[in-house]
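Chemist: Given chain A's structure and the hints, the job is docking chain B onto it.
The listed protein sequences correspond, in order, to chains A and B. For the first sequence, the numbering used here assigns the number 1 to the initial residue and increments by one for each residue that follows. For the second sequence, the numbering used here assigns the number 366 to the initial residue and increments by one for each residue that follows.
Be careful, since some hints might not be right.
Stated by the list, open to error - Quick list of the computed label-pair ranges, beta carbon to beta carbon:
1. 21/A - 381/B: 52 to 60 Å
2. 215/A - 672/B: 41 to 49 Å
3. 690/B - 39/A: 13 to 21 Å
4. 96/A - 504/B: 51 to 59 Å
5. 701/B - 39/A: 26 to 34 Å
6. 421/B - 121/A: 35 to 43 Å
7. 715/B - 59/A: 40 to 48 Å
8. 36/A - 701/B: 26 to 34 Å
9. 291/A - 726/B: 46 to 54 Å
10. 259/A - 721/B: 43 to 51 Å
11. 386/B - 329/A: 24 to 32 Å
12. 580/B - 39/A: 27 to 35 Å
What the hints assert, rightly or not - A short, non-exhaustive set of chain A residues, derived as facing chain B with CB atoms under 7 Å:
13. 46
14. 48
15. 132
16. 133
17. 226
18. 227
19. 234
20. 258
21. 284
22. 287
Think of the hints as simulated: they come from the structure by calculation, not from any bench. Being a predicted model, the structure only gives us computed values, none of them experimental. Ideal placement from N, C-alpha and C gives every residue a C-beta, glycine not left out.
There are 2 protein chains.
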Amino acid sequence: MTDTVADCIEVDYRISAGDPAEVAHAIRVEQTIEFPFDLAPEWIQQQVVGRIESTLDRHVTISYDQGVVGGGITQLLNVLWGNVSLFPGVRITDLRLPDSYLAGLRGPRFGISGLRQLLRTPTGPLICTAVKPMGTSSQDLGKMAATIAAAGFHVIKDDHGLADQPWARWRERVRVISDHVSEANSKAGTNALYMPSLNVPADRIHDAAHEAKSVGAGALLVLPGVSGFDAMRTLADDDSLALPIMAHPSFLGSNVVNPQQGIDHGILFGTLMRIAGADISIFPNYGGRFSFSPEECAHIKEKCRAPLGDIQASWPSPGGGMTLDRLSELTDFYGPDVALLIGGALHRGDLTTNAAAMVEALTHQ
Amino acid sequence: MTDTVADCIEVDYRISAGDPAEVAHAIRVEQTIEFPFDLAPEWIQQQVVGRIESTLDRHVTISYDQGVVGGGITQLLNVLWGNVSLFPGVRITDLRLPDSYLAGLRGPRFGISGLRQLLRTPTGPLICTAVKPMGTSSQDLGKMAATIAAAGFHVIKDDHGLADQPWARWRERVRVISDHVSEANSKAGTNALYMPSLNVPADRIHDAAHEAKSVGAGALLVLPGVSGFDAMRTLADDDSLALPIMAHPSFLGSNVVNPQQGIDHGILFGTLMRIAGADISIFPNYGGRFSFSPEECAHIKEKCRAPLGDIQASWPSPGGGMTLDRLSELTDFYGPDVALLIGGALHRGDLTTNAAAMVEALTHQ
Numbered sequence: 001m002t003d004t005v006a007d008c009i010e011v012d013y014r015i016s017a018g019d020p021a022e023v024a025h026a027i028r029v030e031q032t033i034e035f036p037f038d039l040a041p042e043w044i045q046q047q048v049v050g051r052i053e054s055t056l057d058r059h060v061t062i063s064y065d066q067g068v069v070g071g072g073i074t075q076l077l078n079v080l081w082g083n084v085s086l087f088p089g090v091r092i093t094d095l096r097l098p099d100s101y102l103a104g105l106r107g108p109r110f111g112i113s114g115l116r117q118l119l120r121t122p123t124g125p126l127i128c129t130a131v132k133p134m135g136t137s138s139q140d141l142g143k144m145a146a147t148i149a150a151a152g153f154h155v156i157k158d159d160h161g162l163a164d165q166p167w168a169r170w171r172e173r174v175r176v177i178s179d180h181v182s183e184a185n186s187k188a189g190t191n192a193l194y195m196p197s198l199n200v201p202a203d204r205i206h207d208a209a210h211e212a213k214s215v216g217a218g219a220l221l222v223l224p225g226v227s228g229f230d231a232m233r234t235l236a237d238d239d240s241l242a243l244p245i246m247a248h249p250s251f252l253g254s255n256v257v258n259p260q261q262g263i264d265h266g267i268l269f270g271t272l273m274r275i276a277g278a279d280i281s282i283f284p285n286y287g288g289r290f291s292f293s294p295e296e297c298a299h300i301k302e303k304c305r306a307p308l309g310d311i312q313a314s315w316p317s318p319g320g321g322m323t324l325d326r327l328s329e330l331t332d333f334y335g336p337d338v339a340l341l342i343g344g345a346l347h348r349g350d351l352t353t354n355a356a357a358m359v360e361a362l363t364h365q
Numbered sequence: 366m367t368d369t370v371a372d373c374i375e376v377d378y379r380i381s382a383g384d385p386a387e388v389a390h391a392i393r394v395e396q397t398i399e400f401p402f403d404l405a406p407e408w409i410q411q412q413v414v415g416r417i418e419s420t421l422d423r424h425v426t427i428s429y430d431q432g433v434v435g436g437g438i439t440q441l442l443n444v445l446w447g448n449v450s451l452f453p454g455v456r457i458t459d460l461r462l463p464d465s466y467l468a469g470l471r472g473p474r475f476g477i478s479g480l481r482q483l484l485r486t487p488t489g490p491l492i493c494t495a496v497k498p499m500g501t502s503s504q505d506l507g508k509m510a511a512t513i514a515a516a517g518f519h520v521i522k523d524d525h526g527l528a529d530q531p532w533a534r535w536r537e538r539v540r541v542i543s544d545h546v547s548e549a550n551s552k553a554g555t556n557a558l559y560m561p562s563l564n565v566p567a568d569r570i571h572d573a574a575h576e577a578k579s580v581g582a583g584a585l586l587v588l589p590g591v592s593g594f595d596a597m598r599t600l601a602d603d604d605s606l607a608l609p610i611m612a613h614p615s616f617l618g619s620n621v622v623n624p625q626q627g628i629d630h631g632i633l634f635g636t637l638m639r640i641a642g643a644d645i646s647i648f649p650n651y652g653g654r655f656s657f658s659p660e661e662c663a664h665i666k667e668k669c670r671a672p673l674g675d676i677q678a679s680w681p682s683p684g685g686g687m688t689l690d691r692l693s694e695l696t697d698f699y700g701p702d703v704a705l706l707i708g709g710a711l712h713r714g715d716l717t718t719n720a721a722a723m724v725e726a727l728t729h730q
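For reference, chain A alone in the conformation it holds in the complex (with noise of 0.2 Å):
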C-alpha cells in the first residue's frame, strides 16, 4: 500500500530462456495475481502486479508493493520462488528489502557481535564441528563432544542427519552429549556451545527445543529447507528460548547448483537465512566435495554481512574440506568473522591431538 519505489521489494532475475521481455511479464504477473492480466482492474494492474523497473539483456529488475507480501515471510517466500520456481531459466540474482519491511523482522537473535560476546571471543573465527558418525552411541558421542569442547571448540553440532535412530535416540542423545559438554567446560574453563540438531517432527520442533535448553543445550541446529524458514524464525524470535541458531542447507541445494535456474547463493545462504533469524548460516566452502567457487563462497559471506535495516549480520559457515593447512588460506579469504565447520579432518588419527592443533592454528594465527 506504498506509492514510492523506495518502499517497495525489488528482486533482480536473469532470464536465460525465452524472451526476456515476455518472460518479465509473466513473471510479475504470476508472483502476484496469477489472473489474466488484461482482465485485472486498472487499479490492480498499477498497484498490485509486480512492475519492471528495468531491463538490460537479459537481467530485469521487477518491484513489489510491500502489501503483496503482507502475511510474513511464508508470503515473501512464496512471491520470490514460489510459482517462479517452476520456469526453467530463471534466477534471482539479487534482492533488496526496504527498512521499512525489514523493522518488522527481528533477525538473527545474537549475529556476529552477540555470538562474540557470549562466547566470550572477541576476535577470531568461531571454530565448530559435527559428533558423528550416526550409529554411535549417545554416551560415545557425548565423549567426543567432551573432548572437542575441552581442546576449546566454540561450536559443538550434532552432525544435521542425526534425528531419532535407533542408535542414539534424540532424548537421550541431547541430554547425553549437553551433560558431558557442561562438564568438560567446567573442568577445562572453556565455553563450548552444544547445539543439537532439531531434525525432529513438525510438531515437535518447540517443544524439542525448549527440552534441549532444559537439559543444558547451549545452541540450536535448524534445516530451514526441511523444517521450513519460518519455522526457523518462530525459533529465533522465541525470548523463551533465546538461543542461538546455526541454519543447515539441507534440501535447498537444487535451489543454487544449477546455474541458469534458482537464487544466487547469496541470496539464499545470507539474505534469507538472516531475515529468517541464522545466527549462522552453514554452506559448502569451496574445494571441498562439493561445487561450490570461490566466487559463490565470497557472494554467500558477502550477504552474510551486507547493510540490511537493522538485522544483525550472520556468521557465514563453510564446512567441507578444513584441513589444517588449509586454515589460513580460509581466514584469509573470509576474514575473521567466519565460523568454520571442520569434519572428518578431526577424526584422521587422535582427535584429542587433532582439536587442540585446530585451536592453536586458529588462535594463534
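Modeler: Just chain B now, kept in the frame of chain A:
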C-alpha cells in the same frame, strides 16, 4: 535395525556428472554418516552407510536401513535430498518405501475414494478453481466463490498467493468466503468445498486451520515447499481437524525443472506429497504456461495412484491452460480420477456462464 533389503528404503539415482561409481559411494556416505568411510567402525560401514544394490551405466540404486530414517518424514527428506541436493548432476528417479515403514504414516485422510464420498461425486473429475486476483476485497472474492459454488464446482480455493494482504485480510477473507460458499451451497443444493490458503506464519498454521474450520471452510490449501512437508503431515494427521488437504508446488520448482539434477516429478508431486498427507497435489499441466511435459505429468499421475503400502491414492491436480476445448483431451489423458484446476479461462467473459459451461462439459462427457 533390519537385516533384509526388503525392509530397506531404496532410492534410484541417475548420475550425470562425474564417475557414477565414485559419486554413488559419495552419496551413500554423505546421506548417512557424513564421515570418512574408512574411519567408521565396520558395523557402521555395513549397516548404517547406504548400500549400493545395483549400478547400470549412470543408474544406481542405493538402499538405506530403516534405522537411518528414524525420526519421521523430516529425516526421510534429509536422507533423500539433504546434502545430495548440493551435488550437481544427481537426480532421484525412483523411491521404494517398504510396507513396514509406510505403516507408520497415515498419508491422505481422504484420498480419491474419500473425497468422492465427501463430495457425493462417485464418478468423473473434480472441478476446481481459485478465487482471485489479489487486490480483490473479501466481499468480492466471496461473491465470486458463491457464483462458482452454485455452478457446481467441487473445490474453490484461495489463490495460493492470498496471505494476509491489506486488500483482504486472512481472517476476514476466510470468514466472508466461507459464509458465501455455505449460503450458495444451501440455495443451489451444491456441495462445494472452500479451501483457504494456509500461507500463514509457521506458529499460526494450526490455529489458522482450526479457525478456518470453525467458520465453515471445508478444506485446506498448504504450501509444503514454504511451510514444510511435515507441517502438512501434522495437519493431515489432526483428527480434530479432519479436513481434505490440497498441496501447492510453491518454492519446489527448482527440485524438478533441471533435467540433470533434482527429483523426478512423480516422486516429488506424487510419492512425497502422498506420504505427507496431500489429498490433492497441484502441478502445472503440460501445454500450459509452465514447462512440464506430457511424460512428466503422466509420471505424477501414476505416482499419485501407485501402490504405496496402505496409503491412499491422491488426486493429481493439473493447473494452467484449462480451456473449455481442452477438457475432454485432459480427462482422456489423466483419466476420471483427476482434480482439474481451472484458472483464467473462467473469467474471460461472464463468470456464471463460463462456470456453468465447465461443469456441464465435465459432468456430461
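Chemist: Are the hints correct? Go through all of them and say.
Modeler: These are the hints, each one checked on the structure:
| no. | hint | verdict |
| --- | --- | --- |
| 1 | 21/A - 381/B: 52 to 60 Å | violated, 32 Å |
| 2 | 215/A - 672/B: 41 to 49 Å | holds, 43 Å |
| 3 | 690/B - 39/A: 13 to 21 Å | holds, 19 Å |
| 4 | 96/A - 504/B: 51 to 59 Å | violated, 34 Å |
| 5 | 701/B - 39/A: 26 to 34 Å | holds, 31 Å |
| 6 | 421/B - 121/A: 35 to 43 Å | violated, 52 Å |
| 7 | 715/B - 59/A: 40 to 48 Å | holds, 41 Å |
| 8 | 36/A - 701/B: 26 to 34 Å | holds, 29 Å |
| 9 | 291/A - 726/B: 46 to 54 Å | holds, 49 Å |
| 10 | 259/A - 721/B: 43 to 51 Å | holds, 48 Å |
| 11 | 386/B - 329/A: 24 to 32 Å | holds, 31 Å |
| 12 | 580/B - 39/A: 27 to 35 Å | holds, 29 Å |
| 13 | 46 | violated, 10 Å |
| 14 | 48 | holds, 4 Å |
| 15 | 132 | holds, 5 Å |
| 16 | 133 | holds, 3 Å |
| 17 | 226 | holds, 5 Å |
| 18 | 227 | holds, 5 Å |
| 19 | 234 | holds, 4 Å |
| 20 | 258 | holds, 4 Å |
| 21 | 284 | holds, 6 Å |
| 22 | 287 | violated, 14 Å |
Hints 1, 4, 6, 13 and 22 from the earlier list are contradicted by this structure; the remaining hints agree with it.
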